[in-house]
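A.B. asks: Chains as they are written, first to last, in the numbering used here: chain A, 1 to 540; chain B, 1 to 114; chain C, 1 to 333; chain D, 1 to 294.
Please keep in mind that the hints were generated in silico from the structure rather than gathered at the bench.
Some hints here could point you the wrong way.
Said to hold, decoys possible - These stretches of chain A come out as covered by chain C in the derived footprint (C-beta under 8 Å, 3 or more residues):
id: 1; stretch: 20 to 30
id: 2; stretch: 205 to 218
id: 3; stretch: 274 to 283
id: 4; stretch: 298 to 312
id: 5; stretch: 388 to 399
id: 6; stretch: 446 to 453
We put the CB at the ideal spot given by N, CA and C, even for glycine.
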Amino acid sequence: MAHPSDNYLTHTRGIKSWLLTLDHKRIGIMYLVTILGAFLLAGIFALLIRTELLTPGQTIVTADTYNRLFTLHGAIMIFLFVIPGIPSALGNFVLPLQLGAKDVAFPRLNLFSYYLFVFGAALMVLSIIVGGVDTGWTFYTPYSTDKARAGVIPVLTGVFLLGFSSIFTGLNFIVSIHKLRAPGMGWFRMPLFLWGLYATAIMQILATPVLGITLLLLIVERVLGVGIFDPGLGGDPVLFQHFFWFYSHPAVYIMVLPAMGVISELVSVHSHKHIFSYKMIAWSSVAIAVFSFFVWGHHMFVSGQSAMANMIFSALTFSVAIPTAVKVFNWLATMFRGAITLTTPMCYAVAFLSLFAIGGLTGMFLGSLATNVHVTDTYFVVAHFHFTMVPVGVAFIGGLYHWWPKITGRMYSEKWGRIGCAVFVAGFYVTFVTQFIMGTHGMPRRSYHYLPEFTALHQMSSAGALAMATGLFIAAGTFIHSLVKGLPAAANPWGGASFEWQCPSPPPHDNFTETPPAGDPYDMSDWEYHPEIRGYVRKT
Amino acid sequence: MNEKASHSAARPHVVPLRVLLAVWGALMVFTALTVAATEVDLGAFNLFIALGIATAKASLVLLYFMHLRYDKPFNAVVFICALLFVAIFISLVLVDTTQYQPELIPGYAPELLK
Amino acid sequence: MIAHAADLATSGSLIPERPLFGSSLWLPPPASTAAIEVDWVFQFIFWIDAFFFVLVTALMILFLWRYARPRGARAVGGPTHSTPLEITWTVVPLFIVMAIFYEGFRTYMESAVTPGNGYDVQVTGQQWKWMFTYPNGYVDENLHVPVGRPIRLTLTSSDVIHSLYIPAFRLKKDAVPGRFNKEWFQATQPGEYQIFCAEYCGTGHSDMLAKAIVHPPGEFENWLENAASYASRLSPAEAGEKIYHIRGCAQCHSLDGTAGTGPSFKGLWGSTVTMSDGLKVVVDENYVRESILQPQAKVVAGFQPVMPTFQSRLKDQDILDVIEFLKTLAPGR
Amino acid sequence: MSREDPRVPHHFESAEQQTESARLGMWVFLATEILLFGGLFCAYSVYRANHPDVFYYGTQFLDKHLGALNTMVLICSSFTMAWAVRCAQLGERRALMVLLSMTLLCAALFLGVKAIEYRQKWKHGLLWARKFRAEALERSPTKAGATWAETASAKTTMAAPDGQPTSGPAASNPLTTGTKALAATAAFEDRTSIPPAGTAPAGVVSGKKSSAAKPSERTPPENVQVFFSIYFLLTGLHGLHVIAGMLAIGWILRRARRGEFSSGNFLAVDLVGLYWHLVDIIWIYLFPLLYLIH
């Protein structure tokens, strides 16, 4: 029935068939485009920030503009790129394919969620036009309620809508994974990417509504003055921090867990070896999801949080380190005695490993009470969270390279893909290792001016940022080149055994004419490489 | 397809009207009871009585009006998880805020006088 | 404000003899009792981290090199599970993080107990200025303390959240409106140390700088006595200038004619200014007094009504001193 | 969207799978609703645990009989909704329509009573923090004599009794005289010797006739306005959910009238029912927590 050229891209035509589509693959692509646009915008802000910091005094913008730049850089990166990047774009595309399903459980809700996202994003961008926001992405009271510019209201409303977009996506994923698994696919026969998405969805469901009510309270506080968070009216600003971090710490794992899922896929498929200790990786995802709810107080050790709470939160914080360490060791063990092809996705996977290791290990300084006091709110924290957030971006790009042949039906230049990755990672190290040093020497974050002794380090950091941008442009170049001139991709270019590689590239509108039998998603022994089609074919 | 749909979905539990009426009656009695309980001063115990009655009422609604008793157990797990995480949230925040009360300036609210 | 950072750059008062990497790549030289303890914990974590980072990276590179295969190759077996290994790498990190927690916790709790014989200084953050109030009521823009004596700080803020940060003492505490946060330290080395605001607080956040000046034994009392008696030592105009600097006027009102958050004081005295409602007012004693006590009563056109009242914070004599200081800035003088 | 049957979308294997998915989805959504309200319950718990006096005092301004009435109204609506689901399951279209209409009626009644309560609070100035008018506390809780016009005119009266410089609206409250505000400042300074910027941190000082007066049960505690903020936030958010529920019930009523439901197809009624019961459950907790503080 399926004509070879009939795929989800050509199934129907016209702009309306895209904007009103209920196909998870098209919605995933629309997310991808929107998210990449936001990434570009936030990236430009980052470069402006690094340019401003070339000299201790004013370089290109005023202090007020600088404050708006870092706020929007943070808010757009987090809410429009890092949080939705993997689940909404890649997850939407891949999840039903990996389940062997025709779509997510609620396709209309999926489309609605996308438009909520677009509307929220538009409100955030609008705030730039009405004058910007200068609160930092954390919106701490009473600065955000009393002093900040009026642009804070559209931003808060925007983030509120984005939160609900995220909740609905999570809801959709939970129900899809529960109810739409292909016959024979037990919980422990799901690809690990789905475990990552499932754990993420749990957190989206349980944490994001608290962000919703926090932002709602902040809007009401600002517009009506209810005095819950505003000390001027009898409120408690530290209570706001509890509310905010109850969401925003789990949010860190909302960002990281899908990335870990991607890495599990990448490491196993490109090492052509069964993932090491499937169950430990699956359970550690759930463990991270649950533990992450108990640790938010480590953002508040110097805020006036009581010593008792500090102690509890510090102790609980270290609990998250264990499942994270387990995952890292499992990935290494997967590579051990594998057959590693250093493809572009694999380059990004090992880049993730090395960056995220530093991100996780430097978290020890922040979890420990004694050292936290010195390094919190300095560039050390800035460097630490970039060493955890940027790996998420790395996994996103790696995942994009991994599934790109499936999404577009085209291959790309492996050579330039690898060069882009190397340039980006080298630039990243230069940018942020210098910031660790500045931080331990006492350079406070969000500072427009700095003491002249930090000049050399700041300039190195800015140079690194430029290299990062170059690496990203090279990556973008490979994608564009692939769209224009890429060779046709095989159905299974890497030799993966999960369902998405068993339908054509690009997949047909209904994904599978017949759902293939569910087996071990990491048992790749049945697949044989055929150089003439640049892909793998199942042994007959 | 239509035939199949009506057969497979027609099997959900239909709660007898008798049960619904009994639950409704119990809820009304509990409401009267909780108002009456405030007339008796039992100190801090009043709060527990009020919350206990509320929980009993909520359980009745959940089990019978919302069919949780006859439903897939996982739906109950979802609901209980939500309550559990609210409890975690409130209790950890309370652990902190009750501790730091001595540091607060009593009655600080300068903007109210404006 | 821009001038502020630039001043610091040129005045050379920033402990210029200290290059960034004076004693170690990672930490500035410790100058308080707590700093020495904290540095130990820092080193402890640092070497554990270094070990694991090298381990992970080395294994990764080794495997990438050793098991690199051309496209189409397949792995020959290899383990997919090993219970002893998994238990090892779950339990060993568990004990390590428990040790790290304990070290951090122990050190923190030692410094959380405020000693009884401390000297009290009250700290108020205000956009964008630190104010340090000594027991005799004197207010200074820098933190002066005696060496070798526990100093107890009580922090609050009069507007938004600030955070007092003294890297050399490894000390940081938020100043939160509506509450008094407590912190203490004991300096071990006389000298000047940088104070930052570590919690973002608006436009002038990065200029909210001050110094912690640790006096050698015996000198602190003399300094305090001398500093507190400025009103009797100085002429009214000089006292007014000091008040201008230590009470935060300088953050918004410049002396060089550039408009900040508020109008510049240069040439202000005796001039006629237009209010936001169109009223024209001559800057005289009554107007200045009213502007200090009721800032919102008359707001100069083009500025926001954001000045806090100084009612109950400045004495009548202080206001007269400020007026004398303004007179010295009048046009033609 | 689907090829054979518009009611079973193409990506489901069977209607049973669809029903189960939809119910699970609804329960997950209800979980998010609980966490949404959880934030407000947390704010409630924090302020109540730390300032019980504020809640003991504030609650006397709420009419517990109206609250109890509203609780019963909502329970009735929940009952008719549960019955409506039963009728939908059995395919009794006419009874379904009657019961849904009764549910809507109860919801409207609930909002009506709520409106009466809000109106009383508005009249007496017992509003959230910024709109809160402390002089309202001077009057007896439920039978305040002051009219809106009276209090409004009182608010515009400037009082500068002793020539102290007054700062506009700060001193306009006739009960918060300039001297009292200054006295409070002085007291604050004695305790802390750190003068804050802005005005005195005295909270609601208006209720105290003088500092020598014996504090009685009627003396408003400091920051009593926070109680009313929390009251309006909790009941307001709940009210919004009631309105959303009414819209949903109206929608299924319309569909029922068109005969879209049958004993094999009543999913929408079922889901709206679940949502409506949750709104009821939240009120079951709000009622004792706000109205019945002893």
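A.B. asks: A separate judgement is required for each hint: does it hold in the structure or not?
C.D. replies: We went through each hint and held it up to the structure:
no.: 1; hint: 20 to 30; verdict: violated (count 0)
no.: 2; hint: 205 to 218; verdict: violated (count 0)
no.: 3; hint: 274 to 283; verdict: holds (count 6)
no.: 4; hint: 298 to 312; verdict: holds (count 6)
no.: 5; hint: 388 to 399; verdict: violated (count 0)
no.: 6; hint: 446 to 453; verdict: holds (count 8)
In summary, the numbered hints that this structure violates are 1, 2, 5.
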